[in-house]
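Student: These are the residues of each chain, in order.
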Amino acid sequence: MTDPLLIFDVILGLAIVALAVAVLAMHDRFAMIVLFIVFGLLSALAWVRLSAPDVALAEAAIGTGLTGALLLTTLHHIRATPPAPVPVPAGAIIANLGLCGLIFGGLVVAFLSTPLQAPGLALPVAQNMEASGVAHPVTAVLLNFRAYDTLMEVVVLLAAIVAVWMVERGTAQAPSPVMGEIYRGFARLALPAIVIIGTYLLWVGAYAPGGAFQGGAVLAAVGLLLLLSRLYRPQPAHRPLARLGFVLGTAVFAGIALLVASGGRVPFEYPAAHAKTLILLIEGMVTISIAVTLAALFHGREPEYASVSENHK
Amino acid sequence: MNSGLIFGLTGIAVFAIGLFGALVMVEPLRRVLALKLCSVGAGFLLVVGAWQAPPDMPDPVPHALVITGIVVMISATAVALALIRRLHSLERASDE
Numbered sequence: 000m001t002d003p004l005l006i007f008d009v010i011l012g013l014a015i016v017a018l019a020v021a022v023l024a025m026h027d028r029f030a031m032i033v034l035f036i037v038f039g040l041l042s043a044l045a046w047v048r049l050s051a052p053d054v055a056l057a058e059a060a061i062g063t064g065l066t067g068a069l070l071l072t073t074l075h076h077i078r079a080t081p082p083a084p085v086p087v088p089a090g091a092i093i094a095n096l097g098l099c100g101l102i103f104g105g106l107v108v109a110f111l112s113t114p115l116q117a118p119g120l121a122l123p124v125a126q127n128m129e130a131s132g133v134a135h136p137v138t139a140v141l142l143n144f145r146a147y148d149t150l151m152e153v154v155v156l157l158a159a160i161v162a163v164w165m166v167e168r169g170t171a172q173a174p175s176p177v178m179g180e181i182y183r184g185f186a187r188l189a190l191p192a193i194v195i196i197g198t199y200l201l202w203v204g205a206y207a208p209g210g211a212f213q214g215g216a217v218l219a220a221v222g223l224l225l226l227l228s229r230l231y232r233p234q235p236a237h238r239p240l241a242r243l244g245f246v247l248g249t250a251v252f253a254g255i256a257l258l259v260a261s262g263g264r265v266p267f268e269y270p271a272a273h274a275k276t277l278i279l280l281i282e283g284m285v286t287i288s289i290a291v292t293l294a295a296l297f298h299g300r301e302p303e304y305a306s307v308s309e310n311h312k
Numbered sequence: 000m001n002s003g004l005i006f007g008l009t010g011i012a013v014f015a016i017g018l019f020g021a022l023v024m025v026e027p028l029r030r031v032l033a034l035k036l037c038s039v040g041a042g043f044l045l046v047v048g049a050w051q052a053p054p055d056m057p058d059p060v061p062h063a064l065v066i067t068g069i070v071v072m073i074s075a076t077a078v079a080l081a082l083i084r085r086l087h088s089l090e091r092a093s094d095e
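For the protein sequence lines, the chains are A and B, in the order given.
Okay, so the first sequence: first residue is 0 according to numbering that gives the first Met the number 0, each after it adds one.
Okay, so the second sequence: first residue is 0 according to numbering that gives the first Met the number 0, each after it adds one.
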């Protein structure tokens, strides 16, 4: 009980719960988003304590960093009009508080009566690691044992960018956020380093925490910096290239599954001799797609020809 | 008492707070954030389910599921935020 790390865990857990309350209670919307980013980073730290570094990396990069950027750019669009306060009846608040309290109590009872540290699927995964073509269990599960899930996840990302481009066509143009001259110098220095970190995360995923999603998210940060520092301005002529980037991951992933299936195997039953090559090929293409898609989700509006956008007005 | 227990209870609390926020909040941006809190709470429980006391390796399958969940959640968040932006510009247009 006197383990100092357990005391750290208790403090961290309490801080996370307090931050969750503060995020929703905060009146100022900018402060709300900043608190949410702090909350996400502390959650990632908690997941490192639970020996889940892959999940922590994904949460820090995608769930917190890029989500925070999306929230801030949305706030930039809508901040001109502060929301009119709509009174919520006290009865509704009390009823919901009671119901959520009941759900909380029920989940706690269920959690406390569940045996922790059950063996789970760790053993079957460990036994089949040799056949997977990679040495890191999480990557083996994502790209080999449960590759269908990952394929569908890439499809969800593709559906999201299609939906955002469609919805944004009717949105009034807002001045896009820009960083000043100093940041442009910072971007020039930071960009090469971020590209190397992102590629390294992708490569190291074969045998250590990292992989396509974490690497893709870091590379998407390159896109964000390029957009914010105006080193890259999206042009309408670049749309076909962007669409190719969105589809690339899904297409290569599904294509390889079909190729493997055509050889009398189950889809995703990679031939053992080529498993690592195929997984790295899929991961590389998926990384490009993730990076392009996440940066495009941040930018939001698809680049349009000036005359076209004036017709819309 | 161990790390799994502490963070499991943390996750349930975060989930309940997010659920309450999603039900009670009126402003769309806050609702999206509340649902995001719910998803982090659910992620906590999956990671705790995979956890083993340190010398043993954790179960990688729930870890992969949570990573999938994080990517699906940013996709859903991005679409929700685009809808909020559209809604806002429609409201402004009808005001003018």
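Among the hints, a few may not be true.
Here are the in silico distance ranges between beta carbons for each label pair [said to hold, decoys possible]:
1) R229/A to D55/B: 30 to 36 Å
2) V25/B to I6/A: 55 to 61 Å
3) T113/A to R91/B: 35 to 41 Å
4) L44/A to E90/B: 37 to 43 Å
5) V25/B to A271/A: 53 to 59 Å
6) D94/B to T113/A: 48 to 54 Å
7) R91/B to A271/A: 37 to 43 Å
8) P54/B to G254/A: 49 to 55 Å
Chain B regions said to be covered by chain A (calculated; three or more residues, Cβ under 8 Å) [to be verified]:
9) 8-14
10) 54-67
11) 74-81
Just so you know, these hints were derived from the structure itself, not from any lab.
All values reported here derive from a predicted model rather than from experimental measurement.
Backbone N, C-alpha and C fix where the C-beta goes; we use that ideal spot for every residue, glycine too.
Student: Could you run down the list of hints and mark each one as holding or not?
Tutor: Consistency of the hints with the structure:
| no. | hint | in the structure |
| --- | --- | --- |
| 1 | R229/A to D55/B: 30 to 36 Å | violated, 50 Å |
| 2 | V25/B to I6/A: 55 to 61 Å | violated, 39 Å |
| 3 | T113/A to R91/B: 35 to 41 Å | violated, 49 Å |
| 4 | L44/A to E90/B: 37 to 43 Å | holds, 39 Å |
| 5 | V25/B to A271/A: 53 to 59 Å | holds, 56 Å |
| 6 | D94/B to T113/A: 48 to 54 Å | holds, 52 Å |
| 7 | R91/B to A271/A: 37 to 43 Å | violated, 59 Å |
| 8 | P54/B to G254/A: 49 to 55 Å | violated, 42 Å |
| 9 | 8-14 | holds (count 6) |
| 10 | 54-67 | holds (count 13) |
| 11 | 74-81 | holds (count 7) |
When held up to the earlier numbered hints, the structure conflicts with 1, 2, 3, 7, 8 and fits the remainder.
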